[in-house]
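Just so we're aligned, residue 7 is where the sequence shown starts under this note's numbering, counting upward by one.
Among the hints, a few may not be true.
[To be verified] Taking lysine-lysine and the DSSO-like style, the derived pairs with C-alpha atoms no more than 27 Å apart in a straight line are: (1) 304 <-> 111; (2) 307 <-> 551; (3) 78 <-> 111; (4) 67 <-> 111; (5) 523 <-> 551; (6) 304 <-> 78.
[Stated by the list, open to error] Listed next, with one range per pair, are the computed distances between beta-carbon atoms: (7) 59 <-> 261: 46 to 56 Å; (8) 240 <-> 283: 13 to 23 Å; (9) 108 <-> 193: 51 to 61 Å; (10) 279 <-> 227: 23 to 33 Å; (11) 356 <-> 386: 32 to 42 Å; (12) 293 <-> 181: 33 to 43 Å; (13) 142 <-> 81: 43 to 53 Å; (14) 394 <-> 432: 47 to 57 Å; (15) 375 <-> 351: 36 to 46 Å; (16) 81 <-> 59: 24 to 34 Å.
Bear in mind the hints are in silico, worked out from the structure with no lab data behind them. Think of the CB as a built atom: it goes at the ideal place given N, C-alpha and C, for glycine as much as any other residue.
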Amino acid sequence: LLSLPSARIDEGIDFALAEIGHFLDVDRCYLFRFDEQTLTISNSHEWISNHCQPEIANLQKIPVNELPWFWKRMLDQVPVPVDSVADLPPEARVEQVHWQVQEIKALLVVPLLLDGSLSGFIGVDAVRSERHWTDTEARLLRMAGEFISANLERQRAWRMQHNADQRFIAMTDAVPALIWELDPDGQVTYGNRSWKEFTGCDQSVRLETVVHEEERGRVLSLLQAAAKGQTRSDEMRLRRADGSYRWMQVTGAPRAEGEDLLLINCSAFDITDHRIAEEQLLALNDELEVRVAERTQKLQKAFDDLKMAQTKLLQNEKMASIGQLAAGVAHEINNPVGFIRSNLTTLGKYVDKLRAYLEEMEKACDALPEERRDELNQLRKSCKISYLLEDIPDLLAESVDGADRVRTIVQNLKSFSRVDQSQYTEADINECLESTINIVWNELKYKTTLHKELGDVPRIRCYPQQLNQVFMNILLNAAQAIETQGDIWVRTFVDNDQLVVHIQDNGCGIPEEIREKIFEPFFTTKEVGKGTGLGMSISWDIVHKHGGRIEIESQVGVGTSFFIYLPLSGAPDPDGDEKADGGQ
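All chains, full assembly: derive it from the sequences and hints.
Right under this line is the structure:
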């Protein structure tokens, strides 16, 4: 029985019953199954000798309450050896009649158990004569019954699985989608009718062989995802039986037992028409965009040129106004600052004289009576004369330094903006940077640490005021790229025949798609009203007119570097005849 396939177990049981019948020399050997739902017993298998007639057809769905004496012993899970049916006790009268109708003289019945519960019984009958049953025969029958019962359970499980498989096949064959199963190596183990009709393949094919070579890597991704317990969906082309390809939406879901991947359930829907329609729509959209771009290009260029000219004009006027205002402010501030610094210097001299006087007074106090000296010492301590003499010089020094700083800032503002500095002339780029840093310092000092590494570079011919504007734009952008606290480095050095200004920050960085646009006119990432989008465009234009160039290196999350290259030899006058107008 163990070697028989599940479909042939009935045949094996019949053979086993015959062997038992011959071995025990009985007239009938049979198997009954108990239906717990209907509380009935049915004869499922029977072997008979030449001395009796078959009874299997008459012994179906017998209610167990019709055989109470017998059934109680079955429920008690004990064998029922009957040496003589004629000698049964009065309480077995019903069973006696039942068995005598079948001409049974003696019988031996053993209950069959499955997982501890009664599932039926196996028995043998003696029709020719009464018979005494031994314990050995009862044990032999029990062993045979347990063996047969286990195989019946195996048959039941197989039938349930077979029925489930047939339902699954019928269900998947009714679906128009392609459905198949893969083993972990990508071998097809099952395919529904649609799969077989579409690919012309059976279950002995690898999935990658029916996938277009350009998408075979996606099969590997599907297998890898399944190995991780993940469901994956992707688009790929599958080959039809006629050799043509169709685009399919393929989904693979793992089926595992514990941590072991057993199979991958796959399905596919044809999306070829959808992709064709999508491609046609995209092509039409591209064509429309080209037409619109061609029609608007000239108008947009004219508009941009006009807007640029207007903005540059406003910028020139603004810078001229700032220069005039700075000159006036510088004059108004320099006078009182001069008074303050002069008075602070004089005050320092007065303090020195007062200190000398106090020292002489201390010496004179030594000649006073002790009581008077104590009073003066107490007064000196209460007035903190020693502390005042130490602190006043520091206060005066800080005040003088502050006055000098105000004067420097005013001078830088005047140099940065005034019209008379916009002439094309020889200038020190380091001084231009220092002047610009002083102007924008208020934007930098609260959230940046500034590192200046200004090299020994030669003076070059340029528009200092215009280059100041370039440096200011880049420094302000660097500060705005730092959200909380960061660093800015300003370096100057000579590279072959170029003077290089390197401004670096460790801010948020510039994405590559934005980096290509930052020098375009009117491009800005700032909110509406917080930027014109012309700062970097004008900076590019200024450096280009000086015969130089600007290069950018940036990494998102790391920072940005601007390299401004200016020729050491000095470019020709960038604005030519416009020098008289003060430049841009």
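Hints, verified against the model:
1. Under the criterion of a C-alpha separation no larger than 27 Å, the hint pairing residue 304 with residue 111 is inconsistent with the structure, at around 116 Å.
2. Distance hint between residue 307 and residue 551 is fulfilled; the C-alpha atoms sit about 21 Å from each other, no more than 27 Å.
3. Under the criterion of a C-alpha separation no larger than 27 Å, the hint pairing residue 78 with residue 111 is consistent with the structure, at around 21 Å.
4. A hinted pair counts as satisfied when its Cα atoms are at most 27 Å apart, and residue 67 with residue 111 qualifies at roughly 23 Å.
5. The straight-line distance between the Cα atoms of residue 523 and residue 551 is roughly 20 Å, inside the 27 Å bound, and the hint therefore holds.
6. A distance of roughly 104 Å separates the Cα atoms of residue 304 and residue 78; the hinted pair therefore is violated under the 27 Å criterion.
7. For residue 59 paired with residue 261, a C-beta distance near 52 Å keeps the hint of 46 to 56 Å intact.
8. As the Cβ distance of residue 240 to residue 283 is approximately 20 Å, the hint placing it in 13 to 23 Å holds.
9. In this structure the hint that residue 108 and residue 193 lie 51 to 61 Å apart at CB holds, the actual value being about 57 Å.
10. Restraint check, residue 279 to residue 227: a C-beta distance of roughly 25 Å satisfies the suggested window 23 to 33 Å.
11. Restraint check, residue 356 to residue 386: a C-beta distance of roughly 20 Å breaks the suggested window 32 to 42 Å.
12. Between residue 293 and residue 181, the C-beta spacing of about 39 Å keeps the proposed range 33 to 43 Å intact.
13. At about 25 Å, the CB distance of residue 142 to residue 81 disagrees with the hint of 43 to 53 Å.
14. About 51 Å separates the C-beta atoms of residue 394 and residue 432, a value consistent with the hinted range of 47 to 57 Å.
15. At roughly 41 Å, the beta-carbon separation of residue 375 and residue 351 lies within the given 36 to 46 Å, and the hint holds.
16. The beta-carbon spacing between residue 81 and residue 59, approximately 30 Å, falls within the hinted interval of 24 to 34 Å.
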